[in-house]
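**Q** Start from the sequences, fold in the hints, and give me the full structure.
Chains as they are written, first to last, in the working numbering: chain A, 1 to 258; chain B, 1001 to 1303; chain C, 2001 to 2266.
What you were told as hints is all true, and nothing was included just to trick you.
Stretch-level coverage of chain C by chain B, calculated; a stretch enters the list once three of its residues show a Cβ under 8 Å from a Cβ in chain B:
| # | stretch |
| --- | --- |
| 1 | 2025 to 2037 |
| 2 | 2086 to 2094 |
| 3 | 2102 to 2109 |
These are calculated hints, taken from the structure and not from any lab test. Since the model is a prediction, treat every value here as computed from it, not as a measurement. Backbone N, C-alpha and C define an ideal beta-carbon position, used for all residues, glycine too.
Given next are the chains, with one letter for each unit.
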Amino acid sequence: MTDLCGAEWIKLWSLRSTPIGLGLAVALALYLAGSNSMHGTLLRSGSMGPIDPIRAAFDGPSWVLPMIGTGMIGAQSMVGEYASGLIRTTLIAVPGRRRVVAAKVLVIAAVMAATALLAAVGGLALAVATANGDSRGRSLTDSASASASLHAIEASVLLLPVCALIGMAVGTLLRHAAATGFTVCALLGFGPLLLRPDGNRWATDVANVMPYYAWGRLTSAGPGAGSTVTAGVAWCILAAWAALSIVITTVVLNRRDV
Amino acid sequence: MIETRQLTKRFGGVTAVDDLTFTVLPGRVTGFLGPNGAGKSTTLRMVLGLNAPTSGTATIDGRPFRLEGAGLRRVGALLDAGDVHRGRSAQAHLAALARSNGIGRGRVAEVLGEVGLSDVARRRVGGFSLGMRQRLGIAAALLGDPPVLIFDEPINGLDPEGIRWARELFRRLAADGRTVFVSSHLMSEVEHTVDHLIVIGGGRLIADEPLGSFAARATRHSVKVRTDDPRRLSAALTEAGGEVTTDGTGSLSVIGLNTSRVGEIAFANRIMVYEVAAESGALEAAFMELTAASVEFRAGQAQ
Amino acid sequence: MSTPTKGSRARFSDLVAAEWIKVRSLRSTYGLMVFGIAFAAVAAWWLGHHVKVAPGAASGFNPLIYPYNQDTWSFITVLAATFGALAISGEYSSGLIRATFIAVPARHRVILAKSLVVATVMAVFGALSSVVSMYVAGAALSGQLSGLSLSRGDVLRAAALSAALPVIGALVGMAIGALIRHPVGAVSTAWGVLVLLPNLLGSGTIGLGKAVEAMPISAWMALADTSQPSPHSNPLPTTVFAWFLLASWLLLSLATTSATVVRRDA
Chain A
1 MTDLCGAEWI KLWSLRSTPI GLGLAVALAL YLAGSNSMHG TLLRSGSMGP
51 IDPIRAAFDG PSWVLPMIGT GMIGAQSMVG EYASGLIRTT LIAVPGRRRV
101 VAAKVLVIAA VMAATALLAA VGGLALAVAT ANGDSRGRSL TDSASASASL
151 HAIEASVLLL PVCALIGMAV GTLLRHAAAT GFTVCALLGF GPLLLRPDGN
201 RWATDVANVM PYYAWGRLTS AGPGAGSTVT AGVAWCILAA WAALSIVITT
251 VVLNRRDV
Chain B
1001 MIETRQLTKR FGGVTAVDDL TFTVLPGRVT GFLGPNGAGK STTLRMVLGL
1051 NAPTSGTATI DGRPFRLEGA GLRRVGALLD AGDVHRGRSA QAHLAALARS
1101 NGIGRGRVAE VLGEVGLSDV ARRRVGGFSL GMRQRLGIAA ALLGDPPVLI
1151 FDEPINGLDP EGIRWARELF RRLAADGRTV FVSSHLMSEV EHTVDHLIVI
1201 GGGRLIADEP LGSFAARATR HSVKVRTDDP RRLSAALTEA GGEVTTDGTG
1251 SLSVIGLNTS RVGEIAFANR IMVYEVAAES GALEAAFMEL TAASVEFRAG
1301 QAQ
Chain C
2001 MSTPTKGSRA RFSDLVAAEW IKVRSLRSTY GLMVFGIAFA AVAAWWLGHH
2051 VKVAPGAASG FNPLIYPYNQ DTWSFITVLA ATFGALAISG EYSSGLIRAT
2101 FIAVPARHRV ILAKSLVVAT VMAVFGALSS VVSMYVAGAA LSGQLSGLSL
2151 SRGDVLRAAA LSAALPVIGA LVGMAIGALI RHPVGAVSTA WGVLVLLPNL
2201 LGSGTIGLGK AVEAMPISAW MALADTSQPS PHSNPLPTTV FAWFLLASWL
2251 LLSLATTSAT VVRRDA
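**A** Below, the structure is given as structure tokens:
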């Protein structure tokens, strides 16, 4: 299995798009964390006010782009093989399809988790450092803030791998590069925009199931704050997305002719 | 007529084509040979206006191809059989190309018939075999009935019947007075099809001459002899100055003596021979020798 | 053997016809259009069905925001951009672009013909989506002060502008496809540029609403009167500026596509 993982690691990093995509994701998250913290937030009064560092670093719209980026990388790991015909070489070299999927999942999840860690911790540090106004005096050492920060970081470390796995599942299902790209963007980026947890009961239920809002609940500062979903349920939701994606990828790849 | 003058193309630090000057004349089939990575495809792309040269010019009938309004009636080209969208049918693919040059639908049916794809015209190209895609590419080149034809590895993937058909097609096109420029690696095919050769290596011109004189450049012609007394004959031939190798089945391969000389030596020593033939492969030998210095990708070598 | 006269050109109408053959012979063209129209219809029905209008707010009620909802039509715009992007990047990734440019070396003419066909197909798509949306929303809204019918001037204007929006989206997509020849990259960039980035910039935390103002969707909202009242609305361009924006997006995209394709090696 380690050999398979090693092979998938090489495949992942030998694509130019991987370091570019991940680099951009981290850079964007960091930049936006710092910038949010510096500028504060738009208050109802119309002016800008100070912003909590956790909120600055884990702002929902800022993280949409890293979500899409990792979703694409996950998608590319499957779609790229189909599009280039590499899938045939891979499956001849390793006929055990489930093991191939398992290796891909492990490698990609690990890399995305590491990226998320970098973006989350870095973003938080940057947000604290660049906080304006009176929030500068506010450090994150008191227990409430510390545990909230920890939860936010944990949630983000789970979020990006989940997005990548969703991308993998979509890529395996659709096999077509452009269609996959479009669908991943729609699901991860546009879905949250379209289905906001507003007053409507049905829409709220659906919206809360989306990874974006589940994550938002866990960072307890972004969208979804004060929602009807408990933290425990939110964790389950993210885990369920991961599990569902892995199942879809495995089953579809196993059954289909290549 | 295709002409290049001091054609050069650099990609970053790599010089793919270096000061290439040659002319391809009409009325004969001209072969374009070179080891892998010699710059053949790059040269063809510059001739067809797809890549811009770093310096120098490439013209077709005196004009750079980029300036043409309608290309199919001037040049028919097959560069890569894969240059098709896999979701379209063969018919739709050719229809679009034909229409873009104002060529009628009837012509599409004609060329499909000529290459033998009429039965599968409505099938998706994605389901085609390699040979079928090659035929489709050749069909596309024929659409405009052009005076200049350029083929890059056209017989790749064709079965023996297809190879013979392609060979006759190229000869027929050349006999019509067209310029036919064929790039290939298959030496045995080139020998049968081509009249004139242009050989490049490492981006530079190595030869621009008729097939016969190029093949004659091979310094190591070999003669194959079949005899029932190989030992004695081998000794006699070696004494006469030949270099003899045997493949163990009674056949000898002699280098340095021509067929007449071998026959004389056998007769003088009263040795029975059943076959004395000049081994074809002179072209291959000449090619290998002359391009040896510029081969980029050599198999079986420890670095 | 052909003996073409010196300097003969393919007629432009032939180029257009060839591009049309390319577009209509792909199943994905129809799939994309059907999907888009269905999406618009479902969204229009959903939104129309779930409208709650307080009695006092009847006078401020704008029925246009239901069939011509901002989010729905952002999606349609990106769908159109994907179509446009694929028209170019699809040819590059399959290698067909080489055959195309050998057949017609005058690249700018090919791009012009392609743009015309793409624009026309997208105009039809836009018109269908627009009209379907309007009728579906009208049906869903009925009994709630709908008044949506094409005989009304402002409704006609909104419908026409919504039909035109995918055309602009597709041309922007073509420019993106020419710049980023990789299909997946082109699609993600289309999403990013047209929807995600503006949303991000216009969100409460960043507050760069000015940038959002320049987006095609903002111009559309201004001209068609389809902006939704909300506390965090981004500024809309004035009418004159909005027309200017739409025209600029159109021309700039066309110029970018042409220039990029002509300059680059195929």
